[in-house]
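Listed below, chain by chain, are the residues.
2 protein chains.
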Amino acid sequence: MTSSAREQYIVGVDLGGTNIAAGAMSLDGTKHLAMQSIPTNSSVGDEGVAERIVGLVQSVILDTIEHSGASRRDFVGVGIGAPGPLDRVRGVVLVAPNLGWKDFPLRDRIQERLNLPATLDNDANCATFGEWWQGSARGGRNVVGLTIGTGIGGGLILDGALYHGSSDMAGEIGHTTIDLNGRHCKCGNYGCLEAYASAPAIATRAREVLVREESDSLIPSLVNGRVEDITAQIVYAAAKKGDQVASEIVRDTAKYLGAGVANLLNIFNPDIVVLAGGVAAAGDALFVPLRAEVRRRAFSPAVRAVKIVAGELPGTAGVVGAVASFKQQHLGGV
Amino acid sequence: MTSSAREQYIVGVDLGGTNIAAGAMSLDGTKHLAMQSIPTNSSVGDEGVAERIVGLVQSVILDTIEHSGASRRDFVGVGIGAPGPLDRVRGVVLVAPNLGWKDFPLRDRIQERLNLPATLDNDANCATFGEWWQGSARGGRNVVGLTIGTGIGGGLILDGALYHGSSDMAGEIGHTTIDLNGRHCKCGNYGCLEAYASAPAIATRAREVLVREESDSLIPSLVNGRVEDITAQIVYAAAKKGDQVASEIVRDTAKYLGAGVANLLNIFNPDIVVLAGGVAAAGDALFVPLRAEVRRRAFSPAVRAVKIVAGELPGTAGVVGAVASFKQQHLGGV
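Listed in order, the protein sequences are those of chains H and U. Those letters in the first sequence? Residues 799 to 1132, per the numbering used here, in order. Those letters in the second sequence? Residues 799 to 1132, per the numbering used here, in order.
By construction, these hints were calculated from the structure, which means they are not laboratory data. Just so you know, these numbers come straight off a predicted model, no measurement behind them. One or more hints might be untrue.
Because identical chains share one entry, a pair is satisfied inside a single copy or across any pair of copies.
[Claimed, not checked] Here are the simulated DSS-like cross-link-like pairs (lysine-lysine), alpha carbons at most 27 Å apart as the crow flies: (1) LYS984 with LYS900; (2) LYS984 with LYS1038; (3) LYS984 with LYS1105; (4) LYS1105 with LYS1038; (5) LYS900 with LYS1105.
Can you make the complete structure from the sequences, with help from the hints?
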């Protein structure tokens, strides 16, 4: 007669303004199962979105059971990554402008409906934690993560644990000033990194150049002349084809990000900085001048100590990190 | 017959470019004894300065014995705070431009000569740690310290312990960019906080205004017309007397420091920010507009979580913190 411990699973959820992604992972992180994604449909309201999350998690659990031989009791909990600011202790999303939420007790809603323990953490923290556990930040002791998309989020792993600050607000790297009299940011401040280097900021800078200057840039042809349709991805694509205007926008982005990353090196002296999100698509056209700008600005011992890398888990880092955050908060470690 | 554990002592040393301060403290931090200070005389070279430190520590030990009934064996070690960058593990000061040092094994020199265990830590870390242990940052869990003098140093206490980063370079807050095309900094970067808000930067800005504009400012009279003699302290003194030019310089300083401190709030979400060094002398004239600027720039939950305070231990924070750092590194906690 043989006896073996049954494999246990955690479900990770990544709640975004557009989509909700979820998947199951074995406790040791080696198995990823039943990754699924549905639209958020935030118009259904906080309770409605919570129901959609519950339905998605149930679907992930059923799918996992079907493909792994697991049973319902092998699922130990649900880790949720959500936009902040939030209160981890109470499990409440305090404000989420993209969702239209205010003071919503998301964790307890999910917990009650699924009868499984749940944890809540910031989405950018989860993405960084995911890259640290299973992606390009593996092995780092002190890791700074930037998630560059519609906004610029940040996550901090210090001495091997997620750092949350005194009221779960730490890591708002996108809202650090790099030009104190610079562009107005939607957070109310001036000259935030996000106002220069987020995907919409990159598109805005491209539009500004194309409207101001005559050029033979490819960009207008890629959007059928509709400059309002320019996105960061279009700029990266044009730069890859050798377009001068696009290349300059990407180099400027590298300068802005370089100033922000240099600040992080001088403050944290991390061993890894991981840049995740759409920006990874820019490849060497961004990363080569970015690393050069960081070398110009930061202290050389801090530059020598660090690797600056692109995220390796596009689309799943948030789910993987939500599982890791559940492990840290509920099981005492990852 | 009564038996009681003998009181034990640690000697703290604060090595600066101008002076070396040292004093003894009881292990529990309640007794401060024999605080002494001598000129550094860096012209005698690294070995010569190490000898001066040894002599000063011996003098502190003798003085403590004389006044407390302690004996030589009651001294358990020496904590040293020194300018960085340094390597704590090897106990080596890597580069100290103000001292003219390169790769000097200060810790072992002191250890061998005194036959006492010693530790080395960054001077700004020690000042912050001192304010946390016994000064105005007492009770903080996440503390960011700025020491504002000839330069701007920084120290980070995260979850109750000094954070050093991956190669002991963390906390170089003075060298974070707040204006990416701004003033050249002596570190090689542009727009560093230090280039705007250190004591020499404040004096430089005052000189620039006085040379450029006719004014009835008091400042020239305070330096007998020698603008090259203007210091930050003179600017603070003139501002206290209601001088318009000086007040504007102080308000500008508050704006620069406010941008830097707001960045730290959005990154760390600390419960205390402590500003130490000569800047504390500016009082409300600086702190009131500084707090206002931070409110304008940082996220309000991070602003609500924090106290921004002046250091309480001018002249001794570095010594107290060097003792605390010895305790953390050698005795496992403070």
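So, going through the hints one by one against the coordinates:
no.: 1; hint: LYS984 with LYS900; verdict: within (18 Å within a copy, 46 Å between copies)
no.: 2; hint: LYS984 with LYS1038; verdict: neither (30 Å within a copy, 37 Å between copies)
no.: 3; hint: LYS984 with LYS1105; verdict: between (31 Å within a copy, 25 Å between copies)
no.: 4; hint: LYS1105 with LYS1038; verdict: within (24 Å within a copy, 48 Å between copies)
no.: 5; hint: LYS900 with LYS1105; verdict: between (38 Å within a copy, 26 Å between copies)
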